[in-house]
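When we follow the UniProt record's numbering, the leftmost residue of the sequence shown carries the number 1, and every step to the right adds one.
No lab work stands behind these hints, which were simulated from the structure alone.
The beta carbon of each residue, even a glycine, is placed where N, CA and C say it ideally should be.
Errors might be hidden in some of the hints.
[Claimed, not checked] Pair by pair, the computed Cβ-Cβ distance ranges are:
1) Ser268 - Ser867: 32 to 38 Å
2) Ala359 - Asp173: 34 to 40 Å
3) Gly595 - Ala854: 35 to 41 Å
4) Asn865 - Val924: 25 to 31 Å
5) Val300 - Ser530: 47 to 53 Å
6) Ser459 - Asp173: 23 to 29 Å
7) Gly819 - Ile664: 45 to 51 Å
8) Tyr548 - Gly236: 38 to 44 Å
[As the list claims (entries may be wrong)] Computed cross-link-like contacts, EDC-like style, restricted to lysine to aspartate or glutamate with a CA-CA straight-line distance of at most 16 Å:
9) Lys167 - Glu186
10) Lys19 - Asp119
11) Lys708 - Asp748
12) Lys545 - Glu515
13) Lys545 - Asp514
14) Lys466 - Glu286
15) Lys793 - Glu866
16) Lys582 - Glu621
17) Lys785 - Asp872
18) Lys776 - Glu826
19) Lys243 - Glu354
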Amino acid sequence: MEYNFRAIEARWQEYWQAKNVYRVTEDPSRPPYYILDMFPYPSGAGLHVGHPLGYIASDIFTRYKRLRGFNVLHPMGYDAFGLPAEQYAIQTGQHPEITTRENIRRYREQLDRIGFSFDWSREICTSDPKYYHWTQWVFIRLFHSYYDNTRDQARPIDELIQHFTTKGTEGLDISQSEEISFTAEEWNQWDEVKRQETLMNYRLAYLGETMVNWCEALGTVLANDEVSEGVSVRGGHPVVQRKMKQWCLRVSAYAGRLLSSLDNLEWSESLKESQRNWIGKSEGAEVRFPVLASKEQKGVHKGELTVFTTRIDTIFGVTFMVLAPESNYVPLVTTPEQKASVEEYLEATKRRTERDRMADRRVSGVFSGSYAENPLTGEAIPIWISDYVLAGYGTGAVMAVPGHDSRDFAFARHFDLPIIQVVLPHDEGPTDPSTWTESKDSKAGTLINSGLLNGLSVSDAITKMKDYLAQQQLGRVRTNYRLRDAIFSRQRYWGEPFPIYYDEQGIARTVSDDELPLCLPEVDKFLPTSDGQPPLGRAEGWHTKEGYPYELSTMPGFAGSSAYYLRYMDPHNDKALVGREKNAYWRHVDLYVGGAEHATGHLIYSRFWNKFLFDLGIIVEDEPFRKLVNQGMIQGRSNFVYRIKDTNTFVSLGLKDSYETTPIHVDVNIVYNDQLDLEAFKAWRPEYATADFILEDGKYICGWAVEKMSKSMYNVVNPDHIIERYGADTLRLYEMFLGPIEQSKPWDTNGIDGVHRFLKKLWSLYYSTDGLRVTKTSATKEELKSLHKLIKKVTQDIEQFSFNTSVAAFMICINELQGMKTSSHEVLHPLLILLAPFAPHIAEELWHALGEEASITSAPWPEYNESHLVEDSIKYPVSFNGKTRFTLELPTTASREEIERAVLANDETQRWLEGKSPKKVIVVLGRIINIVL
Numbered sequence: 001m002e003y004n005f006r007a008i009e010a011r012w013q014e015y016w017q018a019k020n021v022y023r024v025t026e027d028p029s030r031p032p033y034y035i036l037d038m039f040p041y042p043s044g045a046g047l048h049v050g051h052p053l054g055y056i057a058s059d060i061f062t063r064y065k066r067l068r069g070f071n072v073l074h075p076m077g078y079d080a081f082g083l084p085a086e087q088y089a090i091q092t093g094q095h096p097e098i099t100t101r102e103n104i105r106r107y108r109e110q111l112d113r114i115g116f117s118f119d120w121s122r123e124i125c126t127s128d129p130k131y132y133h134w135t136q137w138v139f140i141r142l143f144h145s146y147y148d149n150t151r152d153q154a155r156p157i158d159e160l161i162q163h164f165t166t167k168g169t170e171g172l173d174i175s176q177s178e179e180i181s182f183t184a185e186e187w188n189q190w191d192e193v194k195r196q197e198t199l200m201n202y203r204l205a206y207l208g209e210t211m212v213n214w215c216e217a218l219g220t221v222l223a224n225d226e227v228s229e230g231v232s233v234r235g236g237h238p239v240v241q242r243k244m245k246q247w248c249l250r251v252s253a254y255a256g257r258l259l260s261s262l263d264n265l266e267w268s269e270s271l272k273e274s275q276r277n278w279i280g281k282s283e284g285a286e287v288r289f290p291v292l293a294s295k296e297q298k299g300v301h302k303g304e305l306t307v308f309t310t311r312i313d314t315i316f317g318v319t320f321m322v323l324a325p326e327s328n329y330v331p332l333v334t335t336p337e338q339k340a341s342v343e344e345y346l347e348a349t350k351r352r353t354e355r356d357r358m359a360d361r362r363v364s365g366v367f368s369g370s371y372a373e374n375p376l377t378g379e380a381i382p383i384w385i386s387d388y389v390l391a392g393y394g395t396g397a398v399m400a401v402p403g404h405d406s407r408d409f410a411f412a413r414h415f416d417l418p419i420i421q422v423v424l425p426h427d428e429g430p431t432d433p434s435t436w437t438e439s440k441d442s443k444a445g446t447l448i449n450s451g452l453l454n455g456l457s458v459s460d461a462i463t464k465m466k467d468y469l470a471q472q473q474l475g476r477v478r479t480n481y482r483l484r485d486a487i488f489s490r491q492r493y494w495g496e497p498f499p500i501y502y503d504e505q506g507i508a509r510t511v512s513d514d515e516l517p518l519c520l521p522e523v524d525k526f527l528p529t530s531d532g533q534p535p536l537g538r539a540e541g542w543h544t545k546e547g548y549p550y551e552l553s554t555m556p557g558f559a560g561s562s563a564y565y566l567r568y569m570d571p572h573n574d575k576a577l578v579g580r581e582k583n584a585y586w587r588h589v590d591l592y593v594g595g596a597e598h599a600t601g602h603l604i605y606s607r608f609w610n611k612f613l614f615d616l617g618i619i620v621e622d623e624p625f626r627k628l629v630n631q632g633m634i635q636g637r638s639n640f641v642y643r644i645k646d647t648n649t650f651v652s653l654g655l656k657d658s659y660e661t662t663p664i665h666v667d668v669n670i671v672y673n674d675q676l677d678l679e680a681f682k683a684w685r686p687e688y689a690t691a692d693f694i695l696e697d698g699k700y701i702c703g704w705a706v707e708k709m710s711k712s713m714y715n716v717v718n719p720d721h722i723i724e725r726y727g728a729d730t731l732r733l734y735e736m737f738l739g740p741i742e743q744s745k746p747w748d749t750n751g752i753d754g755v756h757r758f759l760k761k762l763w764s765l766y767y768s769t770d771g772l773r774v775t776k777t778s779a780t781k782e783e784l785k786s787l788h789k790l791i792k793k794v795t796q797d798i799e800q801f802s803f804n805t806s807v808a809a810f811m812i813c814i815n816e817l818q819g820m821k822t823s824s825h826e827v828l829h830p831l832l833i834l835l836a837p838f839a840p841h842i843a844e845e846l847w848h849a850l851g852e853e854a855s856i857t858s859a860p861w862p863e864y865n866e867s868h869l870v871e872d873s874i875k876y877p878v879s880f881n882g883k884t885r886f887t888l889e890l891p892t893t894a895s896r897e898e899i900e901r902a903v904l905a906n907d908e909t910q911r912w913l914e915g916k917s918p919k920k921v922i923v924v925l926g927r928i929i930n931i932v933l
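Let the sequences and hints guide you as you build the complete structure.
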């Protein structure tokens, strides 16, 4: 009986679906385990072979945990809102919902063919109003909350209003956009508009003016990762920096907690470090620099700049100030004489994203015309504007110490500004800064040219300067974070509507819970209106029943993916995001699998949402993802044909050097083991229909290279093609066999035949041409040894996510069993359970062939027995004067004396002794025997 993988895989996929084998419910009698794949976006191109890599790994682990007795939640759904569907809608007029629905159908079809054990009864889709009801519900609660730094948690905004009514801002330590203070009397005298504007300074979801990446052609704000070199990644349209009023989430309020709880997570250190760097904690001080009315008018000020610095000890080395182009201080310091130059510079910087500015080391800037006063020296120092300072970190203003900072040094050299040395490194004397080619390291050393700090070490000088600032009321000690608040508005159609309307005074109000979901309306076009409003401005009746207009922006792509893992716990609950009992059962995601590209954005936002919901008592865990594994990328293996110049003739790889040729990418799906299917090539594109070929040994051999998997390189391998030719089990095993799950590796279809042969070899252990060959005979010692080696290896490998070495272990074991002509049920029955997580279809088929009625998914995992690996005997190499002549098998329990007697009595020993008496017999137990003549 042959291995008919097509019939086998179709049969068991239908069986699993009909029997609801993978449906899971809460079961207090079994330990829960929650395994989740990062939310996929259903693109029109469908899956290529790189996409299932992480899904296969998580599916293996899911099946394994079920076999170990765990109640495993393994759901799947779709992150369906996004720019690609909207752009397609703009180009074709087809509603993105139709496109998305078709893409999801295609994705589901492909996922099912690979044999994943998802619980599809829990499927969710972010563009479904039943789902985004709860995204809007969370936003409403963010809007009605503020962050109390003293309690270190979110609190109801009504508590804050009550405090303002009785005490104003007195005694408050809360997260805020801008530090402001007022009395209760002032608060009570303000009108409603003023009060609501003030509350926006504290809400966790707030309207704020912020610098954004604006793309006019797309009519929307873009995230940093959607922009590259001043243009949009999608479409290559120009992008500029623009200040806009946007909805934001006060993620920065949670910076301290996001940082501290990283230590409790089972994530890779590199991933934790990425998050630590993104959050960017800095201990330092804020200091105020008065802005002089003019350089000549010492002591006459027109305002002040507040600067955050981690090196307050170097304040005596400040020779100029630098502001970010977006800084609110720019209008204050720009003089009439410099206004034109400043405006020209600001216009130029609008075309560069912050990411571009951080990567670019070129020096640029413009003098503002104003001077600040160094509060320690009284010196007048010029205030410049430069794009190497970013508005979002600190205050958007820096005190430049060119003697000890590389970018300040480069700026000072470029604009001929003074440089002062204030830190003397150990074992160095003071030198003339005009002779330096780079700034001096200042991490350690002694302070010089620094007044009251002279002679102090760096650490002592920092401490003394912080105390001095506080005593003289020149500033304060402060902890700062690089983490920014998240811009939460997009001027697009295809996204979640905000549950916000604007009353007759223009005040933002939330809709009531019983009005949710606020559904996305129909529009005639998916473009901005003629007056520049977002596409929702085209919707008729987009207002409350009282006539108040709804918000026209929609939420960003990450809105729906920030708490989706909670919805999987209780997807059909129409009364709550997640029921308390179900959340208490599943608690958190035990294993999260996805790409490292989400190390900052998605993971930061999800952790923020989770901590907020925990503060509100809605969920029981502070962190969403206990363990996280990042799978690597499967790269493309491109193939090339070689066209002889000015002809339509193609020469094979081994002969191309005899001709002048042009390499051309060819579709890898018509190439097999680097051999081109000539007829398929002719049918591929019209211009090749009349192609001629120069072959080698009757074949056309293609060239190849490892490149990114991309449609433009024709190296995208569709898993459907692999499954049709080899089967899903072969695909699953091969993707794991390619290499460690966390590493990137090239796809090479040439190696897949070997994995398919392995499955055929496995099949032949169970079936011969005469039918089932499994017998009830007892297993031999060697057969049990081979099996239990495999149990031990595969169990350890799965726990460590080392799936590639598991596949290799299966191959070794099958070769051993085939060599022993194994037919014992005692060995072949548990072997299937070990294989089931990796190749579930063939395992299920053979499992039932052995007479089992229930699915193999409910079988108990085989237990490893160490006694089967204990060796009864050892093969000793026997050497004469250090040269091995033969081997002798002896009991492992034999003593040195027994071994010596046995070897001397052996006929082979006597032959090599040639009648001589040995001088000495050296025995190293378990290793060697050496006879010295």
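Consistency of the hints with the structure:
no. : hint                        : in the structure
1   : Ser268 - Ser867: 32 to 38 Å : 37 Å, holds
2   : Ala359 - Asp173: 34 to 40 Å : 37 Å, holds
3   : Gly595 - Ala854: 35 to 41 Å : 36 Å, holds
4   : Asn865 - Val924: 25 to 31 Å : 29 Å, holds
5   : Val300 - Ser530: 47 to 53 Å : 50 Å, holds
6   : Ser459 - Asp173: 23 to 29 Å : 28 Å, holds
7   : Gly819 - Ile664: 45 to 51 Å : 47 Å, holds
8   : Tyr548 - Gly236: 38 to 44 Å : 39 Å, holds
9   : Lys167 - Glu186             : 10 Å, holds
10  : Lys19 - Asp119              : 12 Å, holds
11  : Lys708 - Asp748             : 13 Å, holds
12  : Lys545 - Glu515             : 11 Å, holds
13  : Lys545 - Asp514             : 14 Å, holds
14  : Lys466 - Glu286             : 9 Å, holds
15  : Lys793 - Glu866             : 12 Å, holds
16  : Lys582 - Glu621             : 12 Å, holds
17  : Lys785 - Asp872             : 12 Å, holds
18  : Lys776 - Glu826             : 7 Å, holds
19  : Lys243 - Glu354             : 14 Å, holds
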